[in-house]
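Student: Each chain is listed here by its residues.
2 protein chains.
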Amino acid sequence: MSKFWNERVKKLEPYVPGEQPKDQKYIKLNTNENPYPPSPKVIEAIKAAANFKLKLYPDPNCDSLRRVVADYYNISEDEVFVGNGSDEVLAFSFMTFFDSKKTVFFADITYSFYKVYTNLLGLKCELIPLKDDFSIDVDGFLKENGGIIIPNPNAPTAKYIELNDIKRIIEYNFNSVVIVDEAYIDFGGESAVGLIKEYPNLLIVQTLSKSRSLAGLRVGFAMGDSKLIEGLLRVKNSINSYTLDRIALAGAEAAFKDKEYFQKTREKIIITRDRVTNELRKNGFKVIESKANFIFISHPKILAEHIFKELKKKGILVRYFNAERINNYLRVSIGNDEEMDKFVEKIKECVIE
Amino acid sequence: MSKFWNERVKKLEPYVPGEQPKDQKYIKLNTNENPYPPSPKVIEAIKAAANFKLKLYPDPNCDSLRRVVADYYNISEDEVFVGNGSDEVLAFSFMTFFDSKKTVFFADITYSFYKVYTNLLGLKCELIPLKDDFSIDVDGFLKENGGIIIPNPNAPTAKYIELNDIKRIIEYNFNSVVIVDEAYIDFGGESAVGLIKEYPNLLIVQTLSKSRSLAGLRVGFAMGDSKLIEGLLRVKNSINSYTLDRIALAGAEAAFKDKEYFQKTREKIIITRDRVTNELRKNGFKVIESKANFIFISHPKILAEHIFKELKKKGILVRYFNAERINNYLRVSIGNDEEMDKFVEKIKECVIE
Chain S
1 MSKFWNERVK KLEPYVPGEQ PKDQKYIKLN TNENPYPPSP KVIEAIKAAA NFKLKLYPDP
61 NCDSLRRVVA DYYNISEDEV FVGNGSDEVL AFSFMTFFDS KKTVFFADIT YSFYKVYTNL
121 LGLKCELIPL KDDFSIDVDG FLKENGGIII PNPNAPTAKY IELNDIKRII EYNFNSVVIV
181 DEAYIDFGGE SAVGLIKEYP NLLIVQTLSK SRSLAGLRVG FAMGDSKLIE GLLRVKNSIN
241 SYTLDRIALA GAEAAFKDKE YFQKTREKII ITRDRVTNEL RKNGFKVIES KANFIFISHP
301 KILAEHIFKE LKKKGILVRY FNAERINNYL RVSIGNDEEM DKFVEKIKEC VIE
Chain D
1 MSKFWNERVK KLEPYVPGEQ PKDQKYIKLN TNENPYPPSP KVIEAIKAAA NFKLKLYPDP
61 NCDSLRRVVA DYYNISEDEV FVGNGSDEVL AFSFMTFFDS KKTVFFADIT YSFYKVYTNL
121 LGLKCELIPL KDDFSIDVDG FLKENGGIII PNPNAPTAKY IELNDIKRII EYNFNSVVIV
181 DEAYIDFGGE SAVGLIKEYP NLLIVQTLSK SRSLAGLRVG FAMGDSKLIE GLLRVKNSIN
241 SYTLDRIALA GAEAAFKDKE YFQKTREKII ITRDRVTNEL RKNGFKVIES KANFIFISHP
301 KILAEHIFKE LKKKGILVRY FNAERINNYL RVSIGNDEEM DKFVEKIKEC VIE
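Line by line, the protein sequences give chains S and D.
For the first sequence, position 218 matches number 218 in UniProt numbering, and the numbering has no gaps at all.
For the second sequence, position 93 matches number 93 in UniProt numbering, and the numbering has no gaps at all.
No lab work stands behind these hints: they were computed from the structure.
These numbers were taken from a predicted model, which means no experiment stands behind them.
Please note that the accuracy of each hint is not assured.
Put simply, identical chains are the same to the list, so a pair is met inside one copy or across any two.
The calculated lysine-lysine pairs, modelled on BS3-like cross-linking and capped at a C-alpha distance of 25 Å, are [as the list claims (entries may be wrong)]:
no., residue 1, residue 2
1, Lys301, Lys41
2, Lys115, Lys47
3, Lys257, Lys11
4, Lys47, Lys259
5, Lys314, Lys102
6, Lys124, Lys101
7, Lys53, Lys22
8, Lys259, Lys53
9, Lys197, Lys131
10, Lys227, Lys197
11, Lys124, Lys197
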């Protein structure tokens, strides 16, 4: 604490990301990274962009990348906003569309950064409890509010929300912005991006960190009606004109263009996920049906916290949240087959012992 | 305008960066970029970092880069904060140390982003007029306030403030944070970083965009008492845990380590600047004494706006600010010798015609 911090900063409870060990001794299944490297074309594009032009500012409007994303989703360039990871895009969205006079709604069990943003910005929020099976309570979102954020699939539960349910929420709340955080949508879900032309209050947020293996490059984006995007640009341009560097812009474009590599790697992850889900279930684990690149698991007899610690001793990092309703669950990112075989082997030891 | 923007966003007046033409037809002297490419060691480091590890998140604490900066300035790691360009670092500083109950002071003629931050955050500000010769009015800063920001050298005037004057301001205002924005300090000024151990209210902000030729990589940093740095980290971690990507971290480290290249290029710029200053003066221009990588110039007979437009027609971009007190000046970034010879040749034509 310091007398120089303002009152809000004194009260902040910043987000704590999953551990990033500096040595290589762990199998890292704790931060939902992709086990496969980025497309070789991304590496190539980055090397090509490492040239004298780094002395010049990047394009503050990121037109070229926005065009590539727009083409990919068959929308227009002014319906795309790009930023330094989806966390930044989400923070800017909270700053643009929500205000302290009205209440923002999100689930009680969800990505914990949402609460952090509301603290930073002095926003009121109401937590809408998930149902007992961790599915979203759609009816809970059908009442007066000042904005909604829903991740689909939800994190850390991995549970997918059907587009019809998303649609009910957007339609009812036509006066407030509904953000659908689709960080994990590419692992089996269907994006709501097809709805943005119909609903001017819908903002979709995605990232290149997960399905495009680029957590280390920091690129996220939002898609929605051009008026929503214009608002985000106003806020971005009031904080930092150039949030994406020349290298990130080049790498992100190449990632979007290599559709084949993207398809191949995400399919591999889906197959591995479903195989591991089955194996864990056979071994007595409860595994929530996942459409993400991670699974949310629990054991009827052995406490999650115990398994978490044992796995760490055995060289495997997973994520444990010491929070109400989910403190007997573990979130496990899907690694490659070799890593997951090791994981299954080790977790079986934890529940036998 | 959109009904979905909150009240503050509706009133924003975002920063407008200097034009970034997409073709190569201009000699670009409008955004204070460095005419020399980054160190070859930076390019090498970036290429080496373009590997499979991009699938993993970067170090959220940026420990390695912070250590390199700390070593360079002979301070400790926890006295360094790094971010996505100094604009982001400044925005985070405004969010951390200033609040809406007190008034922030800065000069009437200064980096125009400061006003943008205060609008975004709903802060009150008082503009302390520069003296007639554009030097800072130190006494104006010696009264009750809620924070101060001073660029040294000032922009767009290029005028340097002596450390003794900075010291008077820091000492008087021991209860509020004084930010010294040293974006241009490496071109002949003396950094105030040596004072941070003595003054816990002093925050220095610098960038790699100018003196290290890395505008395209987006890295800036702050230095100050560890409590100030801790506050910045709290805010950063409430917005985006990973503001610097793996590539930017690697490139920035390499830039700091290649001291020889840094010395050589900044000296070249200083020599070119002083030569051009003399030539312009010989041709009737008023040139404010500069310690930056740009000059602020005016002609007694020909209007700046006219010269600006003529230069553009002749293929040279400089910066013109249509703002009170400085609307008869041009800000001209220092290019390489060839570019500046061309500039001098062309601007001479503008004032003869």
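Student: All hints are to be evaluated individually against the structure, with a verdict given for each.
Tutor: Against the structure, the hints:
{"no.": "1", "hint": "Lys301 with Lys41", "verdict": "neither (47 Å within a copy, 56 Å between copies)"}
{"no.": "2", "hint": "Lys115 with Lys47", "verdict": "neither (38 Å within a copy, 38 Å between copies)"}
{"no.": "3", "hint": "Lys257 with Lys11", "verdict": "neither (43 Å within a copy, 38 Å between copies)"}
{"no.": "4", "hint": "Lys47 with Lys259", "verdict": "both (20 Å within a copy, 24 Å between copies)"}
{"no.": "5", "hint": "Lys314 with Lys102", "verdict": "neither (48 Å within a copy, 54 Å between copies)"}
{"no.": "6", "hint": "Lys124 with Lys101", "verdict": "both (8 Å within a copy, 21 Å between copies)"}
{"no.": "7", "hint": "Lys53 with Lys22", "verdict": "between (32 Å within a copy, 12 Å between copies)"}
{"no.": "8", "hint": "Lys259 with Lys53", "verdict": "between (28 Å within a copy, 20 Å between copies)"}
{"no.": "9", "hint": "Lys197 with Lys131", "verdict": "neither (31 Å within a copy, 54 Å between copies)"}
{"no.": "10", "hint": "Lys227 with Lys197", "verdict": "within (12 Å within a copy, 47 Å between copies)"}
{"no.": "11", "hint": "Lys124 with Lys197", "verdict": "neither (29 Å within a copy, 39 Å between copies)"}
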